[in-house]
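Sequences and hints are given; from them, build the entire structure.
Residue 489 is where the sequence shown ends in full-length UniProt numbering, and the numbering goes up by one at each step.
The hints are simulated quantities; they were obtained by calculation from the structure and are not laboratory data. Predicted, not measured: the structure shown is a model, and the values here were computed from it. A hint or two may mislead.
[Stated by the list, open to error] Calculated pairs, SDA-like style, for lysine to any residue (alpha carbon to alpha carbon, straight line, at most 20 Å): (1) K28 / D191; (2) K270 / I353; (3) K112 / N97; (4) K112 / D171; (5) K270 / V381; (6) K230 / E386; (7) K234 / Q425; (8) K35 / S19; (9) K270 / S387; (10) K254 / T291; (11) K168 / P275; (12) K406 / E366; (13) K28 / W5; (14) K211 / K168; (15) K351 / Q425; (16) K211 / D191.
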Amino acid sequence: MDYVWATLATGLTAADAISSKKLDSAFKDHARAIKQLLATHRQVIAANLGEILSKLEPAENAIAFLAFLQVSVDPRHPPAGIERVALLDETLRFLLNFEPHQIRYVGLSFRKLLETIATGQVFSPLVSVEALATAMLRLDPSGSMFTSTHLLLVKLAYEFSCIEPALKVLDRDITFYPEMAGQKDAKLLCDASIAPASYISVDTGLTDPVKSTSVLEYNFLSGLCYMTRKDWSKAHRALERVITHPSRDKGVSKIMDDAYKRWVLVGLLKDGREPNLPHYTTFSAKNTYNTLGLPYKSVANLFSTANAAQLNGEVEGNRITWEEDNTTALITEVVAAYQKWQIINLRDIYKEISISQLRRITLSAETGEALTNDTEVTKLVREMIESNLLRGELLRGNDGNDLYLKFHDESEYMTEANFAHDIAQRHHNIQSLGQQFKAANDRMSGSKEYVRHAVREQKRAEKDGNDPLPAFESQIEDEDLMTGVQAHG
Numbered sequence: 001m002d003y004v005w006a007t008l009a010t011g012l013t014a015a016d017a018i019s020s021k022k023l024d025s026a027f028k029d030h031a032r033a034i035k036q037l038l039a040t041h042r043q044v045i046a047a048n049l050g051e052i053l054s055k056l057e058p059a060e061n062a063i064a065f066l067a068f069l070q071v072s073v074d075p076r077h078p079p080a081g082i083e084r085v086a087l088l089d090e091t092l093r094f095l096l097n098f099e100p101h102q103i104r105y106v107g108l109s110f111r112k113l114l115e116t117i118a119t120g121q122v123f124s125p126l127v128s129v130e131a132l133a134t135a136m137l138r139l140d141p142s143g144s145m146f147t148s149t150h151l152l153l154v155k156l157a158y159e160f161s162c163i164e165p166a167l168k169v170l171d172r173d174i175t176f177y178p179e180m181a182g183q184k185d186a187k188l189l190c191d192a193s194i195a196p197a198s199y200i201s202v203d204t205g206l207t208d209p210v211k212s213t214s215v216l217e218y219n220f221l222s223g224l225c226y227m228t229r230k231d232w233s234k235a236h237r238a239l240e241r242v243i244t245h246p247s248r249d250k251g252v253s254k255i256m257d258d259a260y261k262r263w264v265l266v267g268l269l270k271d272g273r274e275p276n277l278p279h280y281t282t283f284s285a286k287n288t289y290n291t292l293g294l295p296y297k298s299v300a301n302l303f304s305t306a307n308a309a310q311l312n313g314e315v316e317g318n319r320i321t322w323e324e325d326n327t328t329a330l331i332t333e334v335v336a337a338y339q340k341w342q343i344i345n346l347r348d349i350y351k352e353i354s355i356s357q358l359r360r361i362t363l364s365a366e367t368g369e370a371l372t373n374d375t376e377v378t379k380l381v382r383e384m385i386e387s388n389l390l391r392g393e394l395l396r397g398n399d400g401n402d403l404y405l406k407f408h409d410e411s412e413y414m415t416e417a418n419f420a421h422d423i424a425q426r427h428h429n430i431q432s433l434g435q436q437f438k439a440a441n442d443r444m445s446g447s448k449e450y451v452r453h454a455v456r457e458q459k460r461a462e463k464d465g466n467d468p469l470p471a472f473e474s475q476i477e478d479e480d481l482m483t484g485v486q487a488h489g
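Now the structure itself:
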C-alpha cells in the first residue's frame with residue numbers, strides 16, 4: 001500500500017501548474033503511472049478499494065479515482081475490498097465532482113463508465129439520468145457538443161419517464177458533432193480556452209462515432225420528452241430539427257415522416273394554427289410530407305375554421321391511422337385544444353366577453369357542438385387561466401349574476417420581476433449564441449469544403465446579378481460540413 005499512496009501523491013492539479021505545457025505533461029505522466037500501478041498492484045488495490053477511494057478527491061485526482069473505479073468494471077459486482085452500497089456512493093461522488101480537465105486524458109474509461117450507468121441497472125433510472133446529465137455538463141458546460149452518450153441519456157429518460165433531470169442537457173443548443181471538419185485545435189487538451197469540440201472527440205475516447213440516424217433519433221426522442229411535459233414550443237423545435245435534417249438524396253426517412261406528423265399536431269397545440277415548413281426544407285421533402293401526412297394536414301386545415309363537426313368527423317374517420325402511427329394521444333390533445341384556441345383568438349376581437357356568449361360562439365371538437373351549459377364553459381376558461389394558456393380573469397357582471405372573461409395584454413400581465421428575468425435571459429442567450437457563432441465561424445473558416453462553397457456562391461452571385469430568384473438547389477449541402485456524421489438514406 002505504501003507504493004500505492006506514493007504514486008497517488010505524484011498527481012498534479014491545475015492550481016499547481018505553472019503552464020499548460022507542464023500540466024499537460026503531468027496529466028499524461030500521471031495517467032501512465034496509474035495504469036502501471038493497476039497492472040502491478042491490482043489485487044492490492046481491489047482488496048483496499050474502499051479505503052483508497054474514501055481518501056481520494058475526484059475534484060483533485062480524477063484520473064486515479066476513475067481508474068480505481070474501473071477495478072470493478074460493473075459497480076453491481078464490487079471487489080472484496082468495498083461494499084456494493086459504498087462503491088455506488090463513491091461512483092456518484094465521482095460523477096458529481098470530477099475534475100473535467102483531467103478527464104480529457106482518460107476519455108475512453110470515462111465514456112465506458114457513463115455507458116454502464118446508462119443501462120439503468122446500476123442505479124435507479126431517476127438517479128442514473130441525473131448522474132449522467134450532471135456529468136455530461138461538467139465535462140462540457142456549454143452543452144453544445146453532441147456525443148454518443150446523448151442518445152443513451154434521452155433513451156433512458158424517455159423509457160422510464162425521468163424527463164426532468166435530463167432537461168438540463170436536452171435544453172442546450174447543439175452546434176457541433178464528432179469528426180466535423182475544422183475541429184482540430186493546436187492547443188493542449190488541458191487548455192481551458194479550447195472549445196468542447198476540440199477535446200470531445202473519437203480520438204480522445206469521450207465519444208463514439210455518431211451516425212446521422214443517431215442525431216435524428218436523439219432529436220425525435222427529445223421531442224417526445226417535451227411532449228410528455230406538454231412543452232409544445234420545445235417539442236416543436238426538436239421535431240423541426242428532425243424533419244429538416246439533411247440527407248444526401250434529399251429523401252425522407254421513416255423517423256422524419258413520424259416526426260412530421262407529430263410536428264403538425266404539436267404546431268396546432270403551440271400556435272392554434274397549421275405550421276409552415278421552414279423555407280430551407282427541400283422541395284422533394286415537402287412533397288413527401290404533404291403526401292404521407294395528408295390526414296394530419298386535413299386536421300390542421302380544419303383546426304382554424306369554425307367547422308367543428310367536420311373536424312370531429314375527420315378525427316373519427318381516421319382512428320385506424322392514428323393508432324397505426326401511435327398518435328392517438330396527441331390527436332386527443334388537439335381535439336381538446338380546438339375550443340380553447342377559439343376562445344384565445346377572441347382576444348383579438350374582444351377585451352371582455354360574457355361566459356354565456358362564449359358558449360354560443362365557440363364549439364367543442366369532441367362533439368361538434370357547443371357546450372351544454374355555462375358551468376362547463378366557466379370550468380374550461382378557469383382551467384385555461386390556471387395553466388397560463390389564457391391571459392385573463394373571470395369577473396362578475398354589475399348585476400352580480402353573469403360572469404365575464406376579461407382578456408389581459410401580455411405587457412399588462414408581466415410583472416416587473418418577470419420582465420427583468422426575461423431581459424436577463426435574452427441577454428444570456430445572445431451572449432451564448434455569440435460564442436457559438438464565433439466557434440462555428442472559426443471552424444468553417446478552416447474548412448476546405450466551406451471555402452469552396454463560399455467561392456462558388458460568390459461566382460454565382462456575380463453571374464446572377466440582382467436576380468431575386470436564385471436556383472433552389474444552390475443551397476449548401478450540410479453533409480459537406482458535417483464530415484464524420486454519416487448521412488442516412
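Here is what the structure says about each hint:
1. K28 / D191: holds (14 Å)
2. K270 / I353: Outside the cut-off at roughly 24 Å; violated.
3. K112 / N97: With a Cα-Cα distance of about 18 Å, the restraint between K112 and N97 holds, given a limit of 20 Å.
4. K112 / D171: Roughly 24 Å separates the two Cα atoms, so the pair is violated.
5. K270 / V381: Holds. K270 to V381 sits at ~18 Å (cutoff 20 Å).
6. K230 / E386: At roughly 15 Å apart (the allowed maximum being 20 Å), E386 and K230 satisfy the hint.
7. K234 / Q425: holds (16 Å)
8. K35 / S19: Distance of about 24 Å is beyond 20 Å: violated.
9. K270 / S387: Given that 20 Å is the threshold and the Cα spacing comes to 14 Å, the pair holds.
10. K254 / T291: The hint holds at about 13 Å.
11. K168 / P275: violated (27 Å)
12. K406 / E366: Measuring from Cα to Cα gives roughly 26 Å; hence the hint is violated.
13. K28 / W5: With a Cα-Cα distance of about 18 Å, the restraint between K28 and W5 holds, given a limit of 20 Å.
14. K211 / K168: The hint is violated at about 23 Å.
15. K351 / Q425: violated (30 Å)
16. K211 / D191: The given pair, whose Cα atoms are some 29 Å apart, is violated under the 20 Å limit.
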